[in-house]
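**Student:** Sequence:
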Amino acid sequence: MFALLLRSAPSGAPAEPRRTLASRFLARVTLGGRAVRWFPAIAIAVIAADLAYNARVPGAISLGWEDTAVLLFAAGLFAYPFVPSRFGREGDFVLAFLTALILILVVPLLLARLYYNDFERSVDIYSWTLLAPQTAWVLNLLGVQASVGPFPGANAPALTFVSKSGTPLTVIITTACSGIYSFGIFASAFVAFVLTEYERFEPKVLGLLAIGFATSYVANVLRMVLIVLIGAYSSSPEASVQNLLIAHSNLGWIIFLGWISLFWGIVFRFYVRRPAPEPTVAPRKHGVLCGICADALTPALPGYRCECGKFYHVACAATVEECPRCHRPMKVSDAGEGSPASP
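Position 60 of the sequence shown, counted from 1, bears residue number 759 in the numbering used here, the numbering being contiguous throughout.
Be aware that a few hints might be false.
[Claimed, not checked] Listed next, the in silico EDC-like pairs over lysine to aspartate or glutamate satisfying Cα-Cα at most 16 Å (straight line):
{"id": "1", "residue 1": "K1030", "residue 2": "E1006"}
{"id": "2", "residue 1": "K1009", "residue 2": "D994"}
{"id": "3", "residue 1": "K1009", "residue 2": "E1021"}
[What the hints assert, rightly or not] Computed Cβ-Cβ distance ranges for the label pairs, DEER-style:
{"id": "4", "residue 1": "L750", "residue 2": "A875", "range": "24 to 30 Å"}
{"id": "5", "residue 1": "S784", "residue 2": "F912", "range": "50 to 56 Å"}
{"id": "6", "residue 1": "D994", "residue 2": "F724", "range": "51 to 57 Å"}
{"id": "7", "residue 1": "E898", "residue 2": "S784", "range": "14 to 20 Å"}
{"id": "8", "residue 1": "A754", "residue 2": "T873", "range": "22 to 28 Å"}
{"id": "9", "residue 1": "N816", "residue 2": "S948", "range": "35 to 41 Å"}
{"id": "10", "residue 1": "S784", "residue 2": "A754", "range": "19 to 25 Å"}
{"id": "11", "residue 1": "G852", "residue 2": "G964", "range": "42 to 48 Å"}
{"id": "12", "residue 1": "A938", "residue 2": "G906", "range": "24 to 30 Å"}
Keep in mind that the hints were calculated from the coordinates and are not lab data.
Beta carbons are placed, not taken as given, at the ideal position from N, Cα and C, and that holds for glycine.
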């Protein structure tokens, strides 16, 4: 670790400075890049803190999804100083993505556990507050009677609805079907994309962020609504349960991938800046050039030499009849042969 902190910067030509939002924020946080060498030490401290938390709170080591996100963040933090400068934008994207993932999925859960003084509390709090009530409201709006309440033996909310056959059915919205992880991954990738693509917070950038979060949340609620509707309009209770299982296993990721493809297609079509085409440089012409058209004189085209020493094509000289340099008259014969101008 001591060697990592004192290692010298790799030699080579300095990379072109990046001016994106992510690079400017990192430059400010790391004091102009001087603190980047401490990233490996911070990463090891993050891993140690996560393992200590799991060992003390639950009573035994138990790595869950949030722990995986923390360990990935630590790995990205550790590797960031070793990313070659030519891949600086990609390194900024990975670090911004993992940081946003921690801020969206891990930090709110830790704050909720501290607030409720319950370190066994899971992401079911998201389903209770931001998913189940909204799903029930949309279902009631569509004519399906639905309500949300607790279920004995479960911490997750239970969504009870009446099927087409008149049978009440209950769906428990657990962590696996809450969609919180897919939402977190999308939102983190979207934030990292904006931070590494734009150089300043413009109204268009803020609007793009707001649209991304809002549409991601709405898509997750509609996903749950469609799953419940498939069970509600089945012919029998047995068919409802079977169709709910099929929809839960397949419909969710199909909707998510379809919506992701549509959203990113629109973003890249209308919001991503395309690099301006580089101006094409005409190849340099060699030989004796005509003083009017700037093309080279060749044996196939008769030439004319003015007394000032400037050369022209006979056809070009016939159009102007005087030298553009010295303004002497140029006498070109009808046969296409040039003759020196008289003084």
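**Student:** Run through the hints listed earlier and report the numbers of any the structure violates, in increasing order.
**Tutor:** 5, 10 and 12
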